[in-house]
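Chains as they are written, first to last, in my numbering: chain A, 1 to 264; chain B, 1 to 311.
To spell it out: a stretch of chain B is covered by chain A in this simulated footprint if at least three of its residues, at any positions, have a beta carbon under 8 Å from a beta carbon of chain A; those stretches are:
1. 53-60
2. 110-120
Some residues of chain A that are not near chain B, with every Cβ distance over 12 Å (derived):
3. 46
4. 52
5. 59
6. 62
7. 134
8. 143
9. 172
10. 175
11. 194
12. 223
13. 225
14. 229
15. 232
16. 239
17. 245
Derived DMTMM-like pairs: lysine to aspartate or glutamate, alpha-carbon spacing no greater than 20 Å straight-line:
18. B:216 - B:206
19. B:230 - B:206
20. A:87 - B:141
21. A:261 - B:63
22. B:216 - B:301
23. B:276 - B:253
24. B:117 - A:6
25. B:216 - B:303
26. B:216 - B:304
Source of the hints: derived by calculation from the structure; they are not laboratory data.
Computed from a predicted model, the values in this text were never measured in an experiment.
Just so you know, even glycine gets a beta-carbon here, dropped at the ideal spot from N, CA and C.
Single-letter residue listing:
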Amino acid sequence: MSWRAELLAVWAVVVRNALMASRNVFFFFELLFWPIVGVLSIGLMTRFLHLTPAQASFVLIGTIALSIVNVCQLEVAYAVLLDVWSKSLKHQFLAPIGIRHLTLGSWLVGMARGGVLFLLLAALGWWAFDFRVLAPGWLPVAVFLLGCFLNAWIVGVFVCALIALFGNRAEAFAWASVNLVLVLAGLYYPVSVLPEPVATVAAAIPLTYFLDAYRAHFGFAPEFHAPIATGLALSVVYAALAHWCFFAAIQRARRTGLLLKMSE
Amino acid sequence: MLAIDAHDVTKTFKSGWLRPTRTAALRGVSLTVPRGTIVGLLGPNGAGKTTLLSILATLLTPDSGSVRVLGHDVVRDAARLRRRLNMASGRPSFLWSLRVGEIVAFYGRLYGLSGSKLRRRVDELIELCELGANRRTPYSELSTGLKQRVALAKSLVNDPELLFLDEPTLGLDPDVSVRVRRHIADLRSQRGITIVLTTHYMREADELCDEIAFIKAGRILARGTPAELKRRIRLGDVIALRLDPPAVPWLGEAPGVLRCRAVDGWVECTVDGAEKRLPDLLRALSAEGIAVRNVRVREPELEDVFVELAR
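The following block holds chain A by itself, in its conformation from the complex (with noise of 0.2 Å):
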């Protein structure tokens, strides 16, 4: 395939995802209504707690990074769902489109999606409470948001990878996976405040090292060595391993006809 043929079939995805998401009335609930509440209950409940500034921030980074990973995260899923609704899955998958321009498509929107929501919310955040969380300069900012984006994608596919296993009965998982993963991964106070077998496991997610990192521009003391570079090298092998199991479910999903019974 030319590198052409690789970008139209991307850009086919993006256009789509764009077309169905300004169509679609929980675009708004998705994109503003949840991620404001959620930015002003914590907000307010950070004054009702009487938190120090600093601690205040530490807690809306958080509250943020969810809304963002979780729009985004959405957006990938939908490389699947939007067809697996309509039942049109047969179609996606007798043209000559690979999973890495579905996935690939969608997570471009997400991301888009997830960089419009962060900039309205840091302007919130400002306004009413006044965090500034874009306080640390563009270069933390910018590899902040890779890193929620890069969870999301990894998330993303792998539940795309789990509807192709299990068809419409994974479908709930694409709402309540993220939170999982988000919990885990110190939204709300430090991974050291996890007792030891979550902590390993908070460590093995890439977002934590993300969260870490962004941090410790705002005074908290970096509780891991290397945050950055151990986020991104994680990211990487769930990106391999998340693109395998959906290639591999979506190889099964031929042979079990399972491909077909989502599409009648």
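Got chain A sorted already, so can you dock chain B onto it with the hints?
Frame of chain A; chain B shown alone:
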């Protein structure tokens, strides 16, 4: 040159976790399809038609056997093969909130079209499938007939060398069915596309197909041109008589009569040769004082072949 060359293809589906059951969908199917022909797969529900079509279209992998489509192995070389074929089904489904033009454009991009080439192709297909008035209509708001036309437009977006049509006129109004059949015939005659279709409508198969393969319980029972099949099954000719009185008990026992049945006030006798048997029958009826009000003679139809083979 063969478009499809399949030998001893088997496929078994497993279902259930605790007590798994196995259903053999294809039991050693062999099929060859020359390029530029229209071949119909006929058979009762659950015969394995769609399973075979899905294997040929790379949507399903066979358990065993060899399948080469347009010279490519359907398992090992599926990615390259997909560029050269396409499929439309009688129960099409696409993303519900995309508009007709957007759906065709989406698939066009997947097949490598962009810019003015893509726009031209979308326009051409919208016109060919008479979708101009619905170009901006969301898919969910289309009627069954229009949805099928979208499926046909999508299936032609890559100008395929091989087209699979799964029940292409299912649920369509008769006038729309006629137009879709005309499109299908034109695709072969004007563009030289090889077409494999499944259908339940015998008239459609008779009208469109150069060859027909009858599938039942995962096996091909018979294969040939519609005329060959009618001859090979030896169904005989049908003499339909309108008699007074209508019931003649001895007619089924008359020489050369294979069977008789009453259909809507007519007595239909299947005979081994209408030319030879009709004068004898008329003489015998006249001798018995039975009035013959009307007579019709016809060759067996594909539907008779289907009923015979599906029995």
